[in-house]
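S.K.: So you can see what is in the structure, the chains are spelled out below.
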Amino acid sequence: MKNNLNKITKNGRALFLAYDHGMEHGPTDFNDESVDPAKILEIADSGFFTGFICQKGIAEKYYDKNKHQVPLIVKLNGKTKLLPEEEPYSPQICSVEEAVSLGASAVGYTVYVGSQYEAKMIEEFSKIEKETDERGIPLIGWMYPRGKAVAGREKTKEILSYAARIGLEIGAEMIKIPYTGDKESFKWVVESAGKTKVVVLGGEKKEEEDLFKMVEDILSAGAIGLAVGRNIWQAEEPLVIAQKLHKIVIESSFQF
Amino acid sequence: MKNNLNKITKNGRALFLAYDHGMEHGPTDFNDESVDPAKILEIADSGFFTGFICQKGIAEKYYDKNKHQVPLIVKLNGKTKLLPEEEPYSPQICSVEEAVSLGASAVGYTVYVGSQYEAKMIEEFSKIEKETDERGIPLIGWMYPRGKAVAGREKTKEILSYAARIGLEIGAEMIKIPYTGDKESFKWVVESAGKTKVVVLGGEKKEEEDLFKMVEDILSAGAIGLAVGRNIWQAEEPLVIAQKLHKIVIESSFQF
Amino acid sequence: MKNNLNKITKNGRALFLAYDHGMEHGPTDFNDESVDPAKILEIADSGFFTGFICQKGIAEKYYDKNKHQVPLIVKLNGKTKLLPEEEPYSPQICSVEEAVSLGASAVGYTVYVGSQYEAKMIEEFSKIEKETDERGIPLIGWMYPRGKAVAGREKTKEILSYAARIGLEIGAEMIKIPYTGDKESFKWVVESAGKTKVVVLGGEKKEEEDLFKMVEDILSAGAIGLAVGRNIWQAEEPLVIAQKLHKIVIESSFQF
Amino acid sequence: MKNNLNKITKNGRALFLAYDHGMEHGPTDFNDESVDPAKILEIADSGFFTGFICQKGIAEKYYDKNKHQVPLIVKLNGKTKLLPEEEPYSPQICSVEEAVSLGASAVGYTVYVGSQYEAKMIEEFSKIEKETDERGIPLIGWMYPRGKAVAGREKTKEILSYAARIGLEIGAEMIKIPYTGDKESFKWVVESAGKTKVVVLGGEKKEEEDLFKMVEDILSAGAIGLAVGRNIWQAEEPLVIAQKLHKIVIESSFQF
Amino acid sequence: MKNNLNKITKNGRALFLAYDHGMEHGPTDFNDESVDPAKILEIADSGFFTGFICQKGIAEKYYDKNKHQVPLIVKLNGKTKLLPEEEPYSPQICSVEEAVSLGASAVGYTVYVGSQYEAKMIEEFSKIEKETDERGIPLIGWMYPRGKAVAGREKTKEILSYAARIGLEIGAEMIKIPYTGDKESFKWVVESAGKTKVVVLGGEKKEEEDLFKMVEDILSAGAIGLAVGRNIWQAEEPLVIAQKLHKIVIESSFQF
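Protein chains in written order, with our numbering: chain A, 534 to 789; chain B, 534 to 789; chain C, 534 to 789; chain D, 534 to 789; chain E, 534 to 789.
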């Protein structure tokens, strides 16, 4: 494999703490605790996570590569939800060079598959992929179906397997993708991604048992892990959930 | 903190004299006195201000880095109000390199949060932020809600806290932002900005007591200061107001 | 001839295995076997093909220039079929430099002749052509009529001869083009391409006899070969078809 | 002052012969004499003018820096009037580098203030201004109100003072601007331009006395001179008018 | 004169064989003979022509600078006629650098005067003109009126003299332009072009006597020659026409 995922995986598995919601959703997801990046970084640095995902600004001001243990994953593009989302486009906010200098072990870029701006994002992704190759850092594709062309089908097997395949064909080392909702169809999504590793996004706060069930299903379908945000820092006891997820995702891993 | 704000703060506080109205509003805000940048620079250089904000052209022709004491803050983008403002975009007019050669201690860039051109401005801001980092000069984000998507909500807690958060996530060292109007909600705006420092814009000429009340409120909400323009140079005795503001903002400062 | 086609031809003839369908059509064309690029590469490497066509991502993760015998042809642009196809545009996904470093013996670029974005693709093609000339690697033009302007006429002699001629005039070393359907009209297409070599795309899965008939006709009309995908890997016995095609296309070749 | 205007002024005053009408209006303004750039250059070189304004193409083929005495001012952008003028944009036609190599003592760029493309032209102006600064050559802003947003107000005090101010704020060394029509209002225009020098455009052929009256008025309002075209080369005796204008503009100058 | 036209003129006159119809019109203009660039190059190389005009692709594969005598003129932009032509734009297909390396003695670029994309083409022309100046190779402007703004007036004195003037002002060394249809009006077109040389396009196949009449008229109006295509290679005896044209255009030349 090209750019080693070792730094952001353990036993071939990935458990990421995502914290780009301030940009993507606004501080509405936060409370007085979770609005503070320093608090979230403490959770991320608990030892249960194999990566911490945030935007450039948070990394610059809060992440200290000499102090923090959790690997940094810098999101290279981002958008707000202030504007109507029919045909979303997410501009590049951070260069690969900047991310590397901030101590990133990997970078991420969102492609809104199905959006009118799909071609533009695929083109930008590809240029970034060239840079990440040159610097030997993995590029993770956030492959999210959006836009009128796929409306109502964003979580179908057909569309998500297509999104996963695009990730493989344009050179993502790993993709972050929504779950279809059932194990059987998700197997096809994972197969379509080929050697590109698959992690699933956690999404909205769920009941614990629903979360754990989903995680077991995606792992058995072949995904290598999960990126969670709200399910951790909106929880009453984030570290308890984190530990349980670590057990399911990382410790139960079988060799690849 | 990355790029030191020391040059444009005193006791951790900021009081800026803003003078980019000729570009943004036209000379209609001015009288025979205030139309002359030399006169305004005299006020700015009175010792009461920790920064003087203007466009490149004014800086080139009036600001002398060997003579003037007040630190220069060059606004890097700007627009006129001649065109309908529904979905504003403000083009870049000055490079970081030019600003530095003019003697700037900081630079500013407006992002119209909520405008159709938001993505374009966020993208440009991010490129500029890379340059300011390389040159070690702070970048201040004018985070102004505008456009149909946020119409009528430009000064709400929800939108201004989102604007402040964007400032943090895209890497602003400091943001300049409107006031919500009440201390309580503004606290959340400041919290959302995290380690990014917050200054409030003065806006239209106000009654003195209203101005001072606002300043006290924003400071107690956690902002570090104010950018004033019309409230100074449209006043009968600019230096009297300036001195009073200096007292409230700078001298009453407690340690951060 | 400028950039030698020797590496991707045998006896002056070409037989390519195309496998960019995951990007262009989604994994819907695949089954559990054909979804796996490793399996397809095995077929491609059987000795019957003079080239294997895929996107950058597949090449990076599956093609090993030290192990695989079949020459690699990297497709430089690509698009999904998620968006309405009325006026298609296909963005560049891979640079010539990247393709060369992956071991490519040739590169391909699609121009949707007749699409509203025709000018943009012709312009990009031309820039790529300059790069391929500098690196001495042949550029193959996928010349595909598309868009309202040519709707219903995509396979006519008039439009395909025009598409072929454009390929010659913008500097393609070889073009990949649909078949008109009859030998006589296709002769004019080949003549219009001049010294630019012509290969025909296989298209949907066909009856064997229809496929072989078409191949004989295009060869007798002057084309130098065929690019096949579904007709191979959707076949029950891919290698049997491959061997037969090899016989018709490569072995029956007369000197040029 | 940054880039010295000495080369294109005399006694602090400016009298330019403008000859970019072939591009902006077509040859319809010309007769068999005035269509010939060589003839116009003879007039320009009469000693009465402090600058000759033309497009790159005229300069290349007719202006000889070793022979001609009149300083060359190359217009860097230009447009035709063939297309509807509602929202004009004027593309850059000549680089600063080319103008300098042609022997230019100054360069000009038109900003259509109020046009939908205002932001684009302001942005381009600013990039050019950076180059002219680096090469130490003055940049003159043609600040012309145009577009629906200012329709009917193109010559009002309000709009022209705004246009003048923009010239100052974006860094023009000098602006060329229409006359408001009365001395009093034009004083405010000149004041709004601050240290940026103001010259007025001559416009259509006028009665001599009207022309001279206007010139006296603009000078007494603080402008430093005039750019004339049709009022010279459509006159029966161009040199007679030129001499008279020279007397009013240059010789009657008082020290600045 | 800047970039010497000597290589593509004889006795100060020009007779070009144009062969870019495959790109601009499709192979529909051709028969089995004329579709072959090698055949046309034989005619071009007959000694009667002072230049051969074609696109990059033809030059690369057919023109041998060590073998062919006829000077090569590479067309740098081009478009197809597949798309509706209301507001044409012609993208750049070849760089000056490539053209020079192919052995070009001059290059050409089409500006559709009056088209909505006029500004874009004028801007591109100007950048190319800078490059041709640096390399000392002449740039010929195809100045063709097109678009709704000039519809029905494409061949009027008013529009063609404007087109010619634009050629001069943006720096063309020579222009290729349609004929107004009468000698008197065309004189004004030539005068408007000043020192920029004028050649006329031959257009559709004409009766011999009409063609020769036109040629005599344009020469007497001051044009220096003709670019012919269909009138040569659609003729029964191309070399007979070529010889006659050579006689009229080149041999009858009087000194300039």
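To be clear, the hints were calculated from the coordinates, so they are not data collected in a lab.
Incorrect hints may appear among the rest.
When chains are identical, the list treats them as one kind, so a pair holds in a single copy or across two.
[Stated by the list, open to error] Straight-line C-alpha distance at most 30 Å; calculated DSSO-like pairs for lysine-lysine:
#: 1; residue 1: 716; residue 2: 688
#: 2; residue 1: 600; residue 2: 614
#: 3; residue 1: 600; residue 2: 728
#: 4; residue 1: 780; residue 2: 739
#: 5; residue 1: 720; residue 2: 780
#: 6; residue 1: 728; residue 2: 612
#: 7; residue 1: 720; residue 2: 572
#: 8; residue 1: 738; residue 2: 660
#: 9; residue 1: 738; residue 2: 614
#: 10; residue 1: 688; residue 2: 594
#: 11; residue 1: 716; residue 2: 598
#: 12; residue 1: 598; residue 2: 663
#: 13; residue 1: 746; residue 2: 660
#: 14; residue 1: 663; residue 2: 780
#: 15; residue 1: 780; residue 2: 690
#: 16; residue 1: 600; residue 2: 746
#: 17; residue 1: 572; residue 2: 663
S.K.: Hints broken by the structure, by number, lowest first?
M.R.: When the structure is compared with the hints, numbers 2, 8, 11, 13, 14 and 16 turn out to be violated.
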